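Okay, here's what each chain looks like letter by letter:
There are 2 protein chains.
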Amino acid sequence: MVICVIGLGLLGGSLALGVKAKHQDIKILGVDANEANAQKAIELGIADQVLALEEAVPQADLVVLATPVSVIAQQILPVLDLLPADAALIDLGSTKELICRTVEIHPKRGQFVASHPIAGTEYSGPEAAFVSLLQNKTMIICEKEKSNPKTLQLVEQLCLDLEMNLRYMSATDHDLHLAYVSHLSHISSFALGITVLDKEKDEENIFDMAGSGFSSTVRLAKSSPSMWAPIFTQNRQNVSEALGSYIEQLQNFKTIIDSEDEEKGKELMLRANEIRRILG
Amino acid sequence: MVICVIGLGLLGGSLALGVKAKHQDIKILGVDANEANAQKAIELGIADQVLALEEAVPQADLVVLATPVSVIAQQILPVLDLLPADAALIDLGSTKELICRTVEIHPKRGQFVASHPIAGTEYSGPEAAFVSLLQNKTMIICEKEKSNPKTLQLVEQLCLDLEMNLRYMSATDHDLHLAYVSHLSHISSFALGITVLDKEKDEENIFDMAGSGFSSTVRLAKSSPSMWAPIFTQNRQNVSEALGSYIEQLQNFKTIIDSEDEEKGKELMLRANEIRRILG
Chain A
1 MVICVIGLGL
11 LGGSLALGVK
21 AKHQDIKILG
31 VDANEANAQK
41 AIELGIADQV
51 LALEEAVPQA
61 DLVVLATPVS
71 VIAQQILPVL
81 DLLPADAALI
91 DLGSTKELIC
101 RTVEIHPKRG
111 QFVASHPIAG
121 TEYSGPEAAF
131 VSLLQNKTMI
141 ICEKEKSNPK
151 TLQLVEQLCL
161 DLEMNLRYMS
171 ATDHDLHLAY
181 VSHLSHISSF
191 ALGITVLDKE
201 KDEENIFDMA
211 GSGFSSTVRL
221 AKSSPSMWAP
231 IFTQNRQNVS
241 EALGSYIEQL
251 QNFKTIIDSE
261 DEEKGKELML
271 RANEIRRILG
Chain B
1 MVICVIGLGL
11 LGGSLALGVK
21 AKHQDIKILG
31 VDANEANAQK
41 AIELGIADQV
51 LALEEAVPQA
61 DLVVLATPVS
71 VIAQQILPVL
81 DLLPADAALI
91 DLGSTKELIC
101 RTVEIHPKRG
111 QFVASHPIAG
121 TEYSGPEAAF
131 VSLLQNKTMI
141 ICEKEKSNPK
151 TLQLVEQLCL
161 DLEMNLRYMS
171 ATDHDLHLAY
181 VSHLSHISSF
191 ALGITVLDKE
201 KDEENIFDMA
211 GSGFSSTVRL
221 AKSSPSMWAP
231 IFTQNRQNVS
241 EALGSYIEQL
251 QNFKTIIDSE
261 DEEKGKELML
271 RANEIRRILG
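Going down the list, the protein sequences come from chains A and B. Every letter in the first sequence is one number past the one before it in the numbering used here, and letter 99, counting from 1, is 99. Every letter in the second sequence is one number past the one before it in the numbering used here, and letter 57, counting from 1, is 57.
Hints in this document: simulated from the structure, not taken from any laboratory. A couple of the hints might just be wrong.
Remember, identical chains collapse to one label, so a pair may be satisfied in a single copy or spanning two.
[Said to hold, decoys possible] Computed cross-link-like contacts, EDC-like style, restricted to lysine to aspartate or glutamate with a CA-CA straight-line distance of at most 20 Å:
id	residue 1	residue 2
1	K20	E163
2	K144	D208
3	K201	E241
4	K199	E267
5	K108	D81
6	K137	E204
7	K146	D86
Quantities reported herein were computed from a predicted structural model and do not represent experimental measurements.
The shape of chain A in the complex, shown without the other chains (with noise of 0.2 Å):
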């Protein structure tokens, strides 16, 4: 089976090396924009060979696109056209809707599965990839019922073999949810980080002072930029209406610390301490 991954970077590096893992007979041709990227995955043995997307792209049975999202807008039409007939086409990216409008009316439609892996960290790049990033999380399939069920159990059977969780939602949901539970989370922490060093001119203020909640939270700061900022706009309404009313709650914060509204403010702190339900 030759698998092709386009965007040799934290996902694509991270499937090709948990697919790689499990079986043995399996080709990785890699595509990558960046010839460094693309030299780098050749060396951490998690590309066989390196490629043109033209080139690459009929050669496969399954193809993996895991660049950003602004990019898997802009391949997905090309790629599909390429796409042999009987091989499968899955996208990973963060967000959905815009994806699948894109490809809904193409005669290939029924050969791509649209789907995102609940994985990640702040690093980005070959070198942050690793076997088993994939393993135990969550891989949500958007749309499933407008692809091939021959397609849809190929990428299935894929999912199970790295060891992953199936859900199954539409695009819509998806882009909803993720806003909350994922695309909010970055923004928290984009911007607690510079708050932090705006005030922080000193950075020896904050290495010593700053325990290990600040690094926690401030943590996903580290994140990539080009990968984030198409996500925001690809998002955006989902993910500004997240926005306001997380303003929301913090202008509630700030109205109940300057009043002294201590009983106020215990309550609200009860309400968050309910996710300790959920994340234990």
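Mind docking chain B on chain A? Use the hints.
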């Protein structure tokens, strides 16, 4: 040596366990308003004996105030009154200005060292305490010039025994810095938890779709309301300023996302990325 620990929770308990691991001949007298916590502390080997504050303090060589900051502010004068002539007193509160102002003109001010260990977890109570919590953490000592040299030396030695790093600053600087690098992170997490819980009525969705990013950003939302409410009150000017700046940054992001200005978004995120230099 007899150490009296008032407040047998995460910090007081961990300090007791750390000291006992280092010096077998130390006796810990525990004081806790909560009977069940006091009992638990005996079971867990945190305290050797539990007494009323009025009984314990007069027997101690060192008294550690490890209650919520509102309680520290109430207890510190009565405790100083009861403190034996050669004994030392420290507090472990996350705010320092009000506490330092409260003791300022007490005749035994020199026997007090205002301290804040930059250590903690999102859990509380004696069960949350563990022997290595303070190890390799920073102890901030405020207004050291107001402590007797002998008292200061005793407290510094205790910190070194616990393998802590020492930093010195004014109470004013402490409260300002902590508002940014600690208190703000807690509010950002509490507010994030509420925003997501309000939207996602089906908690299964949060569980399945939230990756490790959300978990890490929202971790502090599990923190104790009764510990944090008085911290925000005592440090309300700095916290309110920090929160105001944070809300401004989030508004910035919202405007950028609403207007699909990816270039400006990337610029902001690149600035946030600089947190890598400090936190690695």
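Inset, instruction - State whether the alpha carbon distance between K108 and D81 is at most 20 Å within one copy, between copies, both, or neither. - result: Result: close within a single copy only, 8 Å intra versus 83 Å inter.
Inset, instruction - Pop the pair K201 and E241 into one bin, within, between, both or neither, using alpha-carbon distances up to 20 Å. - result: For K201 and E241, the Cα distance is within 20 Å only across copies (16 Å; inside one copy 33 Å).
Legend entry - 20 Å Cα threshold - placement of E163 relative to K20: within (13 Å within a copy, 45 Å between copies)
Inset, instruction - With 20 Å as the alpha-carbon cut-off, assign the pair K199 and E267 to within, between, both or neither. - result: Only across copies: K199 and E267 sit 18 Å apart there, 30 Å inside one copy, limit 20 Å.
Legend entry - Within, between, both or neither, where K146 and D86 count as close if Cα-Cα is 20 Å or less: within (16 Å within a copy, 80 Å between copies)
Legend entry - Homomeric proximity label, K137 with E204: Cα distance no greater than 20 Å: between (37 Å within a copy, 14 Å between copies)
Legend entry - K144 and D208: within-copy, between-copy, both or neither at 20 Å Cα: between (50 Å within a copy, 18 Å between copies)
When each numbered hint is compared with the structure, no violation occurs for any of them.
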